[in-house]
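Participant: Given chain D, put chains Y and L in place with the hints provided.
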Amino acid sequence: MGILQVQNVNKSFGGLKALNNVNLDITEGTVHAVIGPNGAGKSTLLNVCVGRLVPDTGAVLFNGRPLTGRSPHEINQMGVARVFQTPEIFADLSLLENVVIPTLAVRDGSFTVNAWGRVDNQAEIRDRAEAILESVGLAEKRHHHSGNLSRGDKRRLELAMCLVQEPKLVLLDEPTAGMSRADTNATIDLLARMQEEHGVTKIIIEHDMHVVFSLADRVTVMAQGTPIVEGTPNEIKGDPRVQEAYLGGAHL
Amino acid sequence: MTTPLATARSDLILFGAFTLAVLTMPIWLVPLGAGYPDLMQKFAIYGLFAIGFNILFGLTGYLSFGHAAFLGVGSYTAVWSFKLLGMNPVPALLLAILLSGLFAWVIGFVSLRRTGIYFSILTLAFAQMCYNLAYSVLTPITNGETGLRVLNSDPRALDHLTGQGVVDGPLVSNIFGLEMNGLPGFYFCAVWLLIGMYVSIRIFRSPFGLMLRAIKTNQTRLNYTGISTRPYALTAFVISGMYAGLAGALLCVTDPLAGAERMQWTASGEVVLMTILGGAGTLLGPVIGAGLIKYSENIFSAFHEQTLHDIFGFLPDGVEGVVVSVAGLFVGEGWHLTLGLLFMVIVIFLPGGLTSGVRQLVQMARRSSGGSGRSGGDAGTAPQAAE
Amino acid sequence: MDAILLQILNGLDKGGAYALIALGLTLVFGTLGVVNFAHGALFMLGAFCAVTVNQVIGLEQVTLDPNNLTPWGTPVEIREPYIVSWLGDTGHLILDYSVPVSILAAIPIMIVIGFIMERGLIQFFYKRPHAEQILVTFGLAIVLQEIIKTWFGANPLPQSPPTALRSAADIGVLVGFNPGEIVYPYWRLVYFVFSALVIGGVFAFLQLTTFGMVVRAGMADRETVGLLGIDIEKRFTLVFGLAAVVAGLAGVMYTPILPPDYHMGMDFLVLSFVVVVVGGMGSLPGAVAAGFLLGILQSFASMTEVKSILPGIDQIIIYLVAVVILLVRPRGLLGRKGVMEG
Chain D
1 MGILQVQNVN
11 KSFGGLKALN
21 NVNLDITEGT
31 VHAVIGPNGA
41 GKSTLLNVCV
51 GRLVPDTGAV
61 LFNGRPLTGR
71 SPHEINQMGV
81 ARVFQTPEIF
91 ADLSLLENVV
101 IPTLAVRDGS
111 FTVNAWGRVD
121 NQAEIRDRAE
131 AILESVGLAE
141 KRHHHSGNLS
151 RGDKRRLELA
161 MCLVQEPKLV
171 LLDEPTAGMS
181 RADTNATIDL
191 LARMQEEHGV
201 TKIIIEHDMH
211 VVFSLADRVT
221 VMAQGTPIVE
231 GTPNEIKGDP
241 RVQEAYLGGA
251 HL
Chain Y
1 MTTPLATARS
11 DLILFGAFTL
21 AVLTMPIWLV
31 PLGAGYPDLM
41 QKFAIYGLFA
51 IGFNILFGLT
61 GYLSFGHAAF
71 LGVGSYTAVW
81 SFKLLGMNPV
91 PALLLAILLS
101 GLFAWVIGFV
111 SLRRTGIYFS
121 ILTLAFAQMC
131 YNLAYSVLTP
141 ITNGETGLRV
151 LNSDPRALDH
161 LTGQGVVDGP
171 LVSNIFGLEM
181 NGLPGFYFCA
191 VWLLIGMYVS
201 IRIFRSPFGL
211 MLRAIKTNQT
221 RLNYTGISTR
231 PYALTAFVIS
241 GMYAGLAGAL
251 LCVTDPLAGA
261 ERMQWTASGE
271 VVLMTILGGA
281 GTLLGPVIGA
291 GLIKYSENIF
301 SAFHEQTLHD
311 IFGFLPDGVE
321 GVVVSVAGLF
331 VGEGWHLTLG
341 LLFMVIVIFL
351 PGGLTSGVRQ
361 LVQMARRSSG
371 GSGRSGGDAG
381 TAPQAAE
Chain L
1 MDAILLQILN
11 GLDKGGAYAL
21 IALGLTLVFG
31 TLGVVNFAHG
41 ALFMLGAFCA
51 VTVNQVIGLE
61 QVTLDPNNLT
71 PWGTPVEIRE
81 PYIVSWLGDT
91 GHLILDYSVP
101 VSILAAIPIM
111 IVIGFIMERG
121 LIQFFYKRPH
131 AEQILVTFGL
141 AIVLQEIIKT
151 WFGANPLPQS
161 PPTALRSAAD
171 IGVLVGFNPG
181 EIVYPYWRLV
191 YFVFSALVIG
201 GVFAFLQLTT
211 FGMVVRAGMA
221 DRETVGLLGI
231 DIEKRFTLVF
241 GLAAVVAGLA
251 GVMYTPILPP
261 DYHMGMDFLV
271 LSFVVVVVGG
281 MGSLPGAVAA
291 GFLLGILQSF
301 ASMTEVKSIL
311 PGIDQIIIYL
321 VAVVILLVRP
331 RGLLGRKGVM
341 EG
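Chains as they are written, first to last, in the UniProt record's numbering: chain D, 1 to 252; chain Y, 1 to 387; chain L, 1 to 342.
One or more of the hints may lead you astray.
[Claimed, not checked] Sample of chain Y residues facing chain D (criterion: CB under 7 Å; computed from the structure):
#1 L194
#2 I203
#3 R205
#4 T217
#5 N218
#6 Q219
#7 T225
[To be verified] The calculated label-pair distances, taken between Cβ atoms and stated as ranges, are:
#8 Y:L98 x L:P285: 41 to 47 Å
#9 Y:V319 x L:N155: 31 to 37 Å
#10 L:Q123 x D:N21: 46 to 52 Å
[Claimed, not checked] Listed below are the simulated BS3-like cross-link pairs for lysine-lysine, each with C-alpha atoms no more than 30 Å apart in a straight line:
#11 L:K127 x L:K234
#12 Y:K216 x L:K127
#13 Y:K216 x D:K168
#14 D:K168 x D:K141
#15 D:K237 x D:K17
#16 D:K237 x D:K168
#17 Y:K216 x D:K141
Simulated from the structure, these hints should not be mistaken for laboratory data. The structure displayed is predicted, hence computed values, not measured ones. C-beta: ideal position from N, C-alpha, C; glycine also.
Chain D on its own, in the form it takes in the complex:
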């Protein structure tokens, strides 16, 4: 039994069937890529997993516990982190503060009023946050405004914010979208290194085959709301059904 199980999930928007009886089983410790042409339902699937959308039928189980119907912060507290297509960071705050917040969230839970202690006196929090910034290579800039960072650095920061929580599962929505080649490669390196060091299970939604083949252990191909093929990257490469899905989709 995998760490994340998607069971018979259906989701429609109006008359459009975005997810059609989706089943998925993610093995712990692997990097699982979900690819497919535009409109295949990848992002909907991701949003169902993190509680942003509620499926019409079916369930999503994380370590055997249902995720469906829970709010995003509850799902995060269970150990699921999310990386957005456009990096979502606290743009008004410094990098260090950006990382301190998720550290506090792990330690203190979803709500604690700690209005008297000082952030910078909590050595253990600060050390953890600085260590993680160090590991993604942003330690130098820790007192900068994060809003001024480059896109690639924002992505690093976002990954640091996820990693500092030591999640059991990270969901990445097109982590290299809109990035330059150099930033893309740097992000791939970072993700690969994270996999070596932390070994967190990851689900990556991706367009860029370069990213998929550099990182993924397993690949699921989706088309029109349904997974059509699943296998290792090499198995997928030669599969005629995959080419059909991409090219056929274009013709339709």
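Facilitator: Chains Y and L only, in chain D's frame:
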């Protein structure tokens, strides 16, 4: 600057300087023509109101248009405490904080189900509801348009118990005989202002304050970081409601009369203006803003035609008449017009408030004076310097 | 039954005013994305258009009659409005109908005010945060009402409806009630019909014209309309002008019902915002429906029978309804997903 100790020390210095400035107000305000106790009491009280409002608006970005309601609740509670318990201000203040906190919890619980402008409108609606009720059904509690005041025939249980029950002349709030008007009244308010400021500094630097700032910058990320934003915002709302209640009660300590006009939307708007004028989200900004608004209100509304004629007397007669009649629109009764214009000017040209304006000036000056090699460090130190 | 009908009727005129103001708010909000706290001031300015027109056409020529002396021995002053001396009976008629006549003046005046406001201030705030939009228009509302206060004074200035419409209609008789059971002032009837016409006109305009189509498309999805190469910003000014006219007309015709004073705008604005929230932000039909609904509810709450059970309910009914609606249906009665979330 970056080590924990240094930051804590810089806050201590800030608070020390603030304390010194507040306590010496009766000295340094004299040359500015504002050295008399009634006005200084207002500075302290509205400063407190703005500090509290800033904890909500400055940190979380939730723009409440109904904070005057809590000011009113605090005032009525204080006067009732005078009436029933006695003229000692301490129970009055504590009860006011408690009750306004309760009110804020109820109103915040409902209003915070929405964000953005829905939230502003909901708080405005609640404040108007309180205001309407105070003028109509709740007249037995609020005494309607006349306003609520303490009478000699009121129970004032503690006063009678301590043998202070019978008083000649007007009833004035007092601590063991020390009357809370004039300079003692100011110092009493000043102590509360200092307490309020200290609490505000602690909140700003605390993990709780960090969460509130995170709410302002990105709620989505905060949710996906495992934080439930609503209880944080509600706590901030209640805290700022308590500050407002305390300020309302202090208004009654210095002058034991509570009227419903204190709850009107203009009063809510005024505290918003004080906060953004000084700089929302900064520690000192709101107090400075409150001081400036109350100072100009005092000056502008005191002006009348004769003073204007004196000022513009040097002008030729025809010109003087025109200038005086134009200027007359903005002073005295016309103070609200000036307030409205000030509001627009600040929002249009200086949305960050005076504090950010000053910071920009300093940076410009620093850059023009040959800019050193440490420009890279500026980005990091600027936000701390601002607070 | 007759009491219920009467309360529904009583709520219609107020509901009409709410609906008209809320309609303009929603238009500006849906297309321009601007929260206009000065919208109530437009209603107030409309009302003062009526006051001004009344004062202007009521200007009197004073002549002295040397043949007639007062008891003090001074000649009797004969006051005659200029308009009567010029136009005779037509002049009397115009004077009598000064409120409806003001509409003619109010339309161009409100268009000009709307254009000035949009070009001079609002356009700079399209991209600024909502909080700043609220604050700057709030400041503008204060400035406008203070100017009116300086000019016209702080006291309400009662305006009278035309003589022919001053009495009340016994409309109960028409539907089979006994005479005298349901009596309704003509002017309120006029106001209701007028607001229905204006609302109908605005909807027809939006449904039938190309301009209206673009505006509706802009409300549904501004970005896409922008991508289609339609310069929507240019039409914003017109939309704002339209909203200003609607609010202004609502104010003009309301003067015989409520004597205008300088702070009437803010009083109505707060209620209209609540109306908009109840109706669903960004929904025009929602704004109209909620306007009438809340107007009627308010008139029910003002019944003595209701007030004896729930004292003070008439003061807060609208806010209470808003709170309940927001808790049960956070997007309002007819609100759509994604409009002004966050």
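Participant: Against the range 41 to 47 Å, how does the distance between the Cβ atoms of L98 of chain Y and P285 of chain L compare: consistent or not?
Facilitator: holds (45 Å)
Participant: Look at the Cβ atoms of V319 of chain Y and N155 of chain L and judge whether their distance stays inside 31 to 37 Å.
Facilitator: holds (33 Å)
Participant: For K168 of chain D and K141 of chain D, compute the direct alpha-carbon distance and say whether it is at most 30 Å.
Facilitator: With Cα atoms ~28 Å apart, K168 of chain D and K141 of chain D stay inside 30 Å; holds.
Participant: Just to be careful, I want the Cα atoms of K237 of chain D and K17 of chain D compared with a cutoff of 30 Å; is the pair within it?
Facilitator: This hinted pair holds, its Cα atoms lying about 27 Å apart.
Participant: Quick check on the hint: T217 of chain Y CB to chain D CB, less than 7 Å?
Facilitator: holds (4 Å)
Participant: A closest beta-carbon separation below 7 Å is what the hint needs, so does N218 of chain Y meet it against chain D?
Facilitator: For N218 of chain Y, the interface hint holds, since the closest Cβ of chain D sits about 5 Å away, which is under 7 Å.
Participant: Are the Cα positions of K216 of chain Y and K168 of chain D separated by 30 Å at most?
Facilitator: Holds. K216 of chain Y to K168 of chain D sits at ~28 Å (cutoff 30 Å).
Participant: Under the criterion that the straight-line Cα-Cα distance not exceed 30 Å, is the pair K127 of chain L, K234 of chain L satisfied?
Facilitator: Distance ~15 Å between K127 of chain L and K234 of chain L Cα, so the pair holds.
Participant: Is the hint on R205 of chain Y kept, meaning its closest Cβ partner in chain D is under 7 Å away?
Facilitator: Hint on R205 of chain Y: holds, closest Cβ of chain D at ~5 Å, below 7 Å.
Participant: Does Q219 of chain Y meet its interface restraint, that is, does its C-beta lie within less than 7 Å of any C-beta in chain D?
Facilitator: violated (10 Å)
Participant: Given the hinted pair K237 of chain D and K168 of chain D, is their Cα-Cα distance within 30 Å?
Facilitator: Given pair K237 of chain D, K168 of chain D holds - Cα atoms ~29 Å apart, limit 30 Å.
Participant: Decide if the proposed pair is consistent with the structure: K216 of chain Y and K127 of chain L, CA atoms, cutoff 30 Å inclusive.
Facilitator: holds (18 Å)
Hints 1 and 6, counting from the list given before, are not met by this structure.
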